[in-house]
Amino acid sequence: MHKILLATIIFCSSFLFVPALHAETSTGKVGDDNSQKIQQELEDRREEQRQEIQTKRIETRLRLAKNHAERLQKRFSFYYERLNNIITRFQARLDLSKTEGKDTTTSQQLLDQAKSNLLSAESKGKEAIQTFTSFDPEWSQDEMQNKVRLGQSQAEEARNAFKQVLELLKSALKSYD
Amino acid sequence: MIKKITILAISALLLGGCTLLGSKPNETGQGMDESLIDSTAPTSESTEIDSLKADINNTVIFEEDFSDLE
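Chains as they are written, first to last, in this note's numbering: chain G, 1 to 177; chain U, 1001 to 1070.
Next up, chain U with everything else stripped away, as it sits in the complex (with noise of 0.2 Å):
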């Protein structure tokens, strides 16, 4: 029983450890990028000076990460 288990830990192990190596990391954050943007409230069409506050408040601009290019 108990060898079952080793086996069984050792066999997760080893998957686990080829699905991380496996996994590529997202260049340039791209996907994040668009995540970020898509996340960000859309903007809206009202000159009321409370929609106006809102969606300045709303508004982040990222940073820039070009450390993939070093």
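So that you can see chain G by itself, here it is in the shape it has in the complex (with noise of 0.2 Å):
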């Protein structure tokens, strides 16, 4: 009788824990539903600040490059008019020294080198400066530095006909002595 009744009184408190273990069960899976939200939204947060780092460095390039662009005009018009004025003055000389008798093939030849360099350095100036006028949000990384490259050497290029112009002008004034 007393078996019976153990047994009976263990069968139903057994339906005790059947609901406990069910809500346990339950809870894990929220757990799980809410770490994978957290995760999620983790990431997302990681995916946003990547954009914003990625916006800024573009922003930031682009400035640059501006600000570049803007230098390199004032620089080259600064070496156009100053080495143009003197190309013109010296012209004015020469053409003097000419009516005067005096030899001056030499440093016509060299003048005249430094005339049509001078212009050839204002177009490859301009160039220059376009390029990095030019830079575009939308560009690639890759794109952006083939651009960086592209307008480094062409302002390289540039300076260095301006190089070449004031060498002719120094050659000139030599032959003219």
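Worth flagging that the hints you see were computed from the coordinates, not collected in a lab. Treat each hint with caution, since some may be false.
As the list claims (entries may be wrong) - Label pairs and their in silico Cβ distance ranges:
id	chain 1	residue 1	chain 2	residue 2	range
1	G	Thr88	U	Ser1039	57 to 65 Å
2	G	Lys174	U	Val1060	28 to 36 Å
3	G	Glu143	U	Asp1065	16 to 24 Å
4	G	Ser120	U	Val1060	52 to 60 Å
5	U	Glu1064	G	Lys174	52 to 60 Å
6	G	Arg45	U	Ser1067	29 to 37 Å
7	G	Glu167	U	Ser1046	17 to 25 Å
8	U	Ser1039	G	Arg45	46 to 54 Å
Unchecked claim - PhoX-like, lysine-lysine: derived pairs with alpha carbons at most 25 Å apart:
id	chain 1	residue 1	chain 2	residue 2
9	G	Lys174	G	Lys115
10	G	Lys163	G	Lys124
11	U	Lys1053	G	Lys174
12	U	Lys1053	G	Lys102
Please read all numbers here as calculations on a predicted model, not as lab measurements. The C-beta atom is built at its ideal place from N, Cα and C for all residues, glycine as well.
Got two chains here, each in a separate frame; can you build the complex from them with the hints?
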């Protein structure tokens, strides 16, 4: 009799634990869902941060390119104006010397070359400035890097051309003496 | 007294450090560029050979620096 009673009690009490077990399982599911949600949020936030960094990087590059364009514009205009002024005055000097019977053939040749090189330097300078002003925020990293290299090499070419003009003027001056 | 001097020295170091960190280097040397160009003697209008010589010798073609874009 006691055995039957004990078995009944055990059987009934087992029903008491079923809802508890069930509840435990549900909590586990909710926990999993929550952690997945947090994981997703973190991932989204990281992606947002990556995007922000990328945007800032592009903005900085565009600003720097614009600064370079302005700097080169100022510099190359300065070289052009200055060298052109010297060439004009030098030509006037040579014209005067020719009327006085002085042989200015070599100086004139060098000055003519300087005039032609100055035009080329000016045009190369404009190309470099154009490259730095044409930067587009839609470009990829590689495209932007290629444009930087192009602008750099164009600016360097323009600089060398201005230097050549200066050297030609020095040579023309020497041959005049 | 020594304590006061130590505090003053540390404060001075901190202030100096903060000032250095706070100062932003000039991007692309714009300011330097302007001063270099402005410091170049202007050309004369004379066609005398000495004047031409002086203007040619005072002309400098500056280096280009694009390191900030690398």
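**OP:** May I ask which of the numbered hints given earlier this structure violates, with the numbers listed in increasing order?
**Re:** 1, 2, 4, 5
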